[in-house]
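Student: Listed below are the residues making up each chain.
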Amino acid sequence: MKIKTSYAAILLSLAAMNTQAVEFVLTNSASGEDVGNWQVSNQSLGLSANTPFSVEKRRLHGGKQLGVDVLIVNNGELTITLVPTRGMGILKVERDGKRILGWDSPVKEVVNPAFIDLESRNGLGWLDGFNEMLVRCGYEWTGHPGVDDNGQLLSLHGRVQNTPASSVKVTIDDAAPHKITIEGEVSERTFKKAELVTLTKLEVTPGSNRFSLHDTLTNQADYDDEYQIIYHSNFGRPILEQGAKVIAAASEISPFNDYAKAGLKEWQTYLGPTKNFDEMVFNLKPIGDADGNSLAVLHNKNGSSGVALGYNVTQLPVLTLWKNTDTEQQGYVTGIEPGTSYAYNTKYQRPLGLVPTIKAGESKHFDVTYTVLRNNKEVSQAVNKVKEIQGQTPLKQLTQPLVDLSKAD
Amino acid sequence: MKIKTSYAAILLSLAAMNTQAVEFVLTNSASGEDVGNWQVSNQSLGLSANTPFSVEKRRLHGGKQLGVDVLIVNNGELTITLVPTRGMGILKVERDGKRILGWDSPVKEVVNPAFIDLESRNGLGWLDGFNEMLVRCGYEWTGHPGVDDNGQLLSLHGRVQNTPASSVKVTIDDAAPHKITIEGEVSERTFKKAELVTLTKLEVTPGSNRFSLHDTLTNQADYDDEYQIIYHSNFGRPILEQGAKVIAAASEISPFNDYAKAGLKEWQTYLGPTKNFDEMVFNLKPIGDADGNSLAVLHNKNGSSGVALGYNVTQLPVLTLWKNTDTEQQGYVTGIEPGTSYAYNTKYQRPLGLVPTIKAGESKHFDVTYTVLRNNKEVSQAVNKVKEIQGQTPLKQLTQPLVDLSKAD
Amino acid sequence: MKIKTSYAAILLSLAAMNTQAVEFVLTNSASGEDVGNWQVSNQSLGLSANTPFSVEKRRLHGGKQLGVDVLIVNNGELTITLVPTRGMGILKVERDGKRILGWDSPVKEVVNPAFIDLESRNGLGWLDGFNEMLVRCGYEWTGHPGVDDNGQLLSLHGRVQNTPASSVKVTIDDAAPHKITIEGEVSERTFKKAELVTLTKLEVTPGSNRFSLHDTLTNQADYDDEYQIIYHSNFGRPILEQGAKVIAAASEISPFNDYAKAGLKEWQTYLGPTKNFDEMVFNLKPIGDADGNSLAVLHNKNGSSGVALGYNVTQLPVLTLWKNTDTEQQGYVTGIEPGTSYAYNTKYQRPLGLVPTIKAGESKHFDVTYTVLRNNKEVSQAVNKVKEIQGQTPLKQLTQPLVDLSKAD
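Just so you know, the protein sequences line up as chains Y, D and A, in that order. For the first sequence, the working numbering begins at 3 and goes up steadily by one. For the second sequence, the working numbering begins at 3 and goes up steadily by one. For the third sequence, the working numbering begins at 3 and goes up steadily by one.
One or more of the hints may lead you astray.
Note: identical chains are not told apart, hence a pair may lie in one copy or across any two.
Stated by the list, open to error - In silico SDA-like links for lysine to any residue, alpha-carbon gap of 20 Å or less:
#1 K195 <-> G148
#2 K287 <-> V42
#3 K203 <-> F26
#4 K263 <-> Q383
#5 K247 <-> T276
#6 K100 <-> N302
#7 K389 <-> N302
#8 K171 <-> R239
#9 K171 <-> V27
#10 K110 <-> V27
#11 K409 <-> N152
#12 K110 <-> G363
#13 K267 <-> E228
#14 K361 <-> T173
#15 K277 <-> E243
I should point out that these hints are in silico values taken from the structure, not numbers from a laboratory.
Looking at chain Y on its own, in the form it has when it is part of the complex (with noise of 0.2 Å):
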């Protein structure tokens, strides 16, 4: 008797589970599947939200977009697009039908790797395809391009970026208030060299101002391996702005080459577009409150909009600041970076430690949240926040770059 109704329960649970929430699978190359253009949204769930929401599959065409999919999660406050094409990396965040976040690359279209070879122009190939808000680099490497230890090209910024997702689902709670996610397995598979699995997810609640991304990276190989990180999050107008700022908990800094030397003093304070400015990059070492948790934070000048970023230490120990503040035509940007690991080749990491290791079978988990300020309030809100963390820890200044790049080959 106590038995059966234990197994009764559990079949309820079980049925209270299977009504948690509705899912789609939209793509998935295990079966070899796709849904092809696609829609869903409250009104078609039948769900009488407060906020109305819909998440649309779309196929771009024209140039190199040719068989590009892009994913648009609007939350009835913000619509971000995904692009399960390129790793399901965010092509851009919008509001009141603006973007919000993102920026404005030379690249226009939306990429299909098929249409990059990264190897090129001495492993620049990438730079074909950057212009999203959001690109991950990773995972087998993730710095600038350069011949490894074992005589590899590594080129820039890793694979993961122009890998097509295997798998794309979408799942919508069926309680209030009906969070969304959005799950993408992007693979690195190859033969005797990588079997890097990243199950990213994005989550967003109609009506917030702030989505999250819940990375699970797997290796699934039955070696250990290498891998690196930097969640590249990219931001241009409206936020950056002549006297726009960035402030970050952090007890360190440092230029990333000599010419970012000139720039340290001034490292949180943003040039309008400057010709011949190219890029500075600075190296920061976060700091988190007493569960790791760190926050960076972009405003514009009058601290009437911005962008706040939460990600943890343990996780992401290195921030890397990159301020691309030249002409607009040019890409007038700054990237928010944080990683395991700063934007150096990877044989310059290795004797600094930011390599890491993943086990075989091992998993590593990354949590970063992006939250749209949408107002003075929010933005002192969160900057007050990072001087919380900061709390009394000074941040250091180190005045010479942590590899000395002018010895580089």
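Fit chains D and A to the supplied structure of chain Y, relying on the hints for placement.
Tutor: Chains D and A in isolation, oriented as in the chain Y frame:
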């Protein structure tokens, strides 16, 4: 009252403009759209043209043609096949159901650039897809493969031909003779490297034996850039044959390399298919009329069939003559190639002053006209036109190549 | 009157030929056409075959499978999955709903060559897509990556497997046993470099446990060329296991490199999945019967399941045995690989006389038969056949590799 009248006049004028032509957008990467297979004709437009015409867009299949679109323009006299997926190149031109312009390459398929790795074979990957009547070689660079002064491998003949068109538009004039215009935008966009956008335009009038290209290259970057272009125009059977002749208005000719020295004297006449001939290349300095308009003519042995290339020496100051009269299977073909530059690697052309600069925001225009010569009279007229331009200017024969490739690394 | 009769006879003969088989053209790059998803079966053909059969063409989706077609041939006994998009390779063979021939590669998707850059990772890009039971390695070159004598990097195992088939044709005999023939043309065509066209042909009879390949390589160029081919035939579970055995009629065996020396004595038996085993490769000189027909057999430990490869030593004079009994996730697999050549880079095989020439216009034929051995009796018969061919010929064991790779650059 006067103003009112003017206003009305403007409205009328605008209305007239609106009805001057009917326009079809076939592909547009900005909106992510493409019409798919598509066709229009004088009949479908309700135009009782004296000369019937049609324009058809068709998706190819099979082998490396996966995803390739061709655009077939039939003006009643000529059938011109354009390849939007391959940089708006011209595959071939037919007349009376037979190819009149073009050649038989060992490459039989219309290859999707997705299958081409331009830097393969030490920069010769371009050869995997080369089979068109017109290939644009450019615009970042144009010549033979080699490592440039900055250490980057420049692959053969640049990237533009292996770049799918971002947009394709067909315009047909309402009024007779119902000129057909095909516009295709081809973009070379790489973050920090290039923003060279070319609006290619082909114009042809129903019933005409002539079509023309009017291309506009714009440097959309905020920085000046180098550029180079060669209109690699290739002709085999039926025009090319033993005894065929080329006539070009020019003031100087020189062999491209040591091998071509032996053919300098006979540069104007062609051999039949000749085993082990490989290719001989000659560099010409063309001359134009008072307006800079020059002409080159290729005709068959008895002068009953040919093609005339019109171009302007102020836009395209040099002319490459490529004689590839090897065997039929190897590709029996000649190239008559007006350009800003010869076919040397860029590093050899800078000292020759043949690597021009395009300023930030600047546009460069290139006009090339192809006329199919259908009988002895048309050939004679074209040859006479060349002689007229040549006038009393002697053709200086330089026996040594402009570049000493024997010293090349 | 006599002539008239003959003429009628010819007509009758032609009519008979026309009805001997039904033919379906699935893909044809010459006409630019493709049937899309497609299926035929004994039922749809109105054939009341004793053994049902079907052939299905299906487009895959997901990840790097974008645009990939598979062709699934079910003869009632075996289900053979071919991949037209990957050079007509054979992905796997199933029996009773389970894979019998093939293996579990870390590469899970059927990768479109558009996503592969063969020259990446110093010429190892081929590893991004390697997961088939049969990969053809050729035809311009076949072996390990390396810079050839002419300065060109030859990428691993050639280009043909990453070349989509230009045409695919299915033929089914009208008369019982209704032999099924799959023909696919795979073209390696590069201007001035190669015109190697292979008509692959797979034949299988409904109900049979055997299928065969009859490939014809033609050099369509006007010049002689080198060529190489390895039939890289790969088997994992269920046949491969600890104690599995390989038997091959051969007169000589040698280790491929120094590492393989240690496994020379035990070349016929297999380890179970073994960490850090990596791969051991052996070079065999096979022998055939009076007609040159040779046989190699792989069977499981208890001899109840296996596969026999029949090939002809006049066509394929060498045999590579690839023992990759590393861990399951790493790819537990062995390759039994008849070929014109071993797996060394081309430059090392020229001195061995293993880089044959194909004359201009010449064709070379290659026949390979795969027999699924379903029980101890079939395994025994196959093993006895190998012994019969071996006869009294001793197997000479060379302890040193044919090529001294320690001196390789």
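Student: If a hint holds in the structure, say so; if it doesn't, say that too.
Tutor: Verification of the hints:
1. Proximity of K195 to G148 under the C-alpha cut-off of 20 Å is found in both arrangements, the shortest distances being 18 Å within a copy and 18 Å between copies.
2. With identical chains, the CA atoms of K287 and V42 are never at most 20 Å apart, being 42 Å at best within one copy and 62 Å at best between copies.
3. Taking CA atoms no more than 20 Å apart as the test, K203 paired with F26 passes inside one copy only; the shortest distance there is 14 Å, against 41 Å between copies.
4. Taking the shortest Cα distances, K263 and Q383 never come within 20 Å of each other, neither inside one copy (31 Å) nor across copies (69 Å).
5. With identical chains, the CA atoms of K247 and T276 are at most 20 Å apart within one copy only, with a shortest distance of 16 Å there and 56 Å across copies.
6. Only within a single protomer do K100 and N302 lie at most 20 Å apart by alpha-carbon distance; the minimum there is 16 Å, versus 61 Å between protomers.
7. Proximity of K389 and N302 under a CA criterion of 20 Å is satisfied intra-copy only: 18 Å inside one chain copy versus 67 Å between copies.
8. Within a single copy, K171 and R239 get their C-alpha atoms no closer than 31 Å, and across copies no closer than 31 Å, so neither meets the 20 Å cut-off.
9. With identical chains, the CA atoms of K171 and V27 are at most 20 Å apart within one copy only, with a shortest distance of 4 Å there and 34 Å across copies.
10. For the identical chains of this complex, K110 and V27 are inter-copy neighbours only, at 18 Å across copies versus 29 Å inside a copy, given an alpha-carbon limit of 20 Å.
11. Taking CA atoms no more than 20 Å apart as the test, K409 paired with N152 passes in both settings, with 19 Å inside one copy and 18 Å between copies.
12. In this assembly of identical chains, the alpha carbons of K110 and G363 lie at most 20 Å apart only when taken from different copies (17 Å versus 39 Å within one copy).
13. Proximity of K267 and E228 under a CA criterion of 20 Å is satisfied in neither setting, with 34 Å inside one chain copy and 36 Å between copies.
14. In this assembly of identical chains, the alpha carbons of K361 and T173 never lie at most 20 Å apart, being 30 Å within a copy and 51 Å across copies at closest.
15. In the homo-oligomer, the alpha carbons of K277 and E243 lie at most 20 Å apart inside one protomer (14 Å), although the nearest pairing across protomers, at 55 Å, exceeds that limit.
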